[in-house]
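Number of protein chains: 2
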Amino acid sequence: MARPSQKDAILDAALACFAEVGFAGTKIRSIAERAGVSQGALYRHFASKEELARALYADGMGWIAEALAHVVDGGGTATERLRAATVGAFGLYREHPSSFRFVLTWAPDFCSPGDVEPPLAILVRLVSDGQTRGEFVEGDATMLACLVMGCIVEPIVLATNAPGLVPDVLSDDSHDSAIADFVVAALARHGR
Amino acid sequence: MARPSQKDAILDAALACFAEVGFAGTKIRSIAERAGVSQGALYRHFASKEELARALYADGMGWIAEALAHVVDGGGTATERLRAATVGAFGLYREHPSSFRFVLTWAPDFCSPGDVEPPLAILVRLVSDGQTRGEFVEGDATMLACLVMGCIVEPIVLATNAPGLVPDVLSDDSHDSAIADFVVAALARHGR
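Chains D and C, in that order, are what the protein sequence lines are. Everything in the first sequence is counted per the numbering used here, starting at 1 for the first residue and increasing by one. Everything in the second sequence is counted per the numbering used here, starting at 193 for the first residue and increasing by one.
Honestly, the hints are just simulated from the structure, not real lab data. Any given hint could be a false lead.
Unchecked claim - Capping the alpha-carbon separation at 25 Å, the derived lysine-lysine pairs in DSS-like fashion look like this: (1) Lys199/C - Lys219/C; (2) Lys241/C - Lys27/D; (3) Lys49/D - Lys219/C.
Said to hold, decoys possible - Counterexamples of contact, computed for chain C against chain D with all Cβ distances above 10 Å: (4) Lys199; (5) Arg226; (6) Asp251; (7) Trp255; (8) Glu346; (9) Ser363; (10) Ala370.
Where is the CB? At the ideal position from N, CA and C, for every residue including glycine.
Excised from the complex, chain D in its bound form (with noise of 0.2 Å):
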């Protein structure tokens, strides 16, 4: 593995300090001691710590799409598709949990996806592509793809929030074929 890089030190240490204290109680000089840099040498790659926050994003919302879309665009029936998608935004998480949380749940609003499509539209995308081949009830494809991001964010904000509330999926993937069950059942044409 190559060593990480002055910014990519720079950047874990950010993402690190986000999800401990959150965006507003983070100080630039927090993050510059995690990274073992100096504040000077942080500024000159960042300029704020909002630029800190919008290259994270960015980051994490470039993976995600990449590996979202690789299983939407392949192939198989929409269904199974639907399913590949679920099973696989839980094993992104476990990845890189604290990205996909900053990404998904909690980013400061400032942040935008950039030239990165959002997964929103990428399931936009599933959904909409199943009631065409009759697979998928009909609806809003929107309000639909919304739902299945619901079914795959709140186990993971919920089991954050509210420790030992509900089953936590980043250390037990034993609920993420449920889950994949739940959002398929919800959107199949057959069984309505």
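With chain D fixed as given, assemble chain C onto it according to the hints.
Showing chain C alone in chain D's frame:
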């Protein structure tokens, strides 16, 4: 309607300030000004901003839990009650949008429901009852209730945080029954 008390005016002002600039961004002075009371008067009712947030949280949890439990513990099949609870949740949101958002999506984590049964626990009771009656699929009732919660919370969160991205359930109740159909189909034992 009774004239709102000074205490109610302070709570309403705090909720409005929190909704506009967040808990961290709100100053006690702004709450007092908005409520039309002196800071001294405010402090006679609430010792701190934290105490105000706790009071708002307990109030909001109280009326949501009462309305939800009324449906869940009422008559009808579990499927009928699941549908009524889902549609009813969006009705509650439209009645008190700021309070609903505060309680279910962004209350500071030092807030606790106190003696009130949390909405998730009420939904767990409904899912378990439907499983016992053979109406709902088997599986971890807490996780399944969490997914139902996600289908209620996500449309509200997305429409609030990214206006224009998804249909706004606040001004438009035409999606309520499609959302209820989604969770009913997701949990129905037949059709799986």
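Do the hints match the structure? See the list:
1. Taken as a hint, the Lys199/C and Lys219/C pair is honoured in the structure, with Cα atoms around 17 Å apart against an allowance of 25 Å.
2. Between Lys241/C and Lys27/D the alpha-carbon distance is near 23 Å, which keeps this suggested pair within the 25 Å criterion.
3. At roughly 23 Å between alpha-carbon atoms, Lys49/D and Lys219/C fall within 25 Å of each other, so this suggested pair holds.
4. The Cβ of Lys199/C lies farther than 10 Å from every Cβ of chain D, with a closest approach of about 28 Å, so its non-interface assignment holds.
5. A cut-off of 10 Å between C-beta atoms confirms that Arg226/C is not in contact with chain D; the least separation is 21 Å.
6. Interface exclusion of Asp251/C from chain D stands, the closest Cβ pair being 19 Å apart, more than 10 Å.
7. Every CB of chain D lies more than 10 Å from the CB of Trp255/C, the least distance being 20 Å, so the non-interface label holds.
8. Separation of Glu346/C from chain D is inadequate, the least Cβ-Cβ distance of about 3 Å not exceeding the 10 Å criterion.
9. Non-interface status of Ser363/C relative to chain D is upheld: no Cβ of that chain comes within 10 Å, the nearest being about 14 Å off.
10. The claim that Ala370/C lies off the interface is violated: its Cβ sits roughly 5 Å from the closest Cβ of chain D, which falls inside the 10 Å cut-off.
The structure does not agree with the numbered hints 8, 10 stated previously, though it agrees with the rest.
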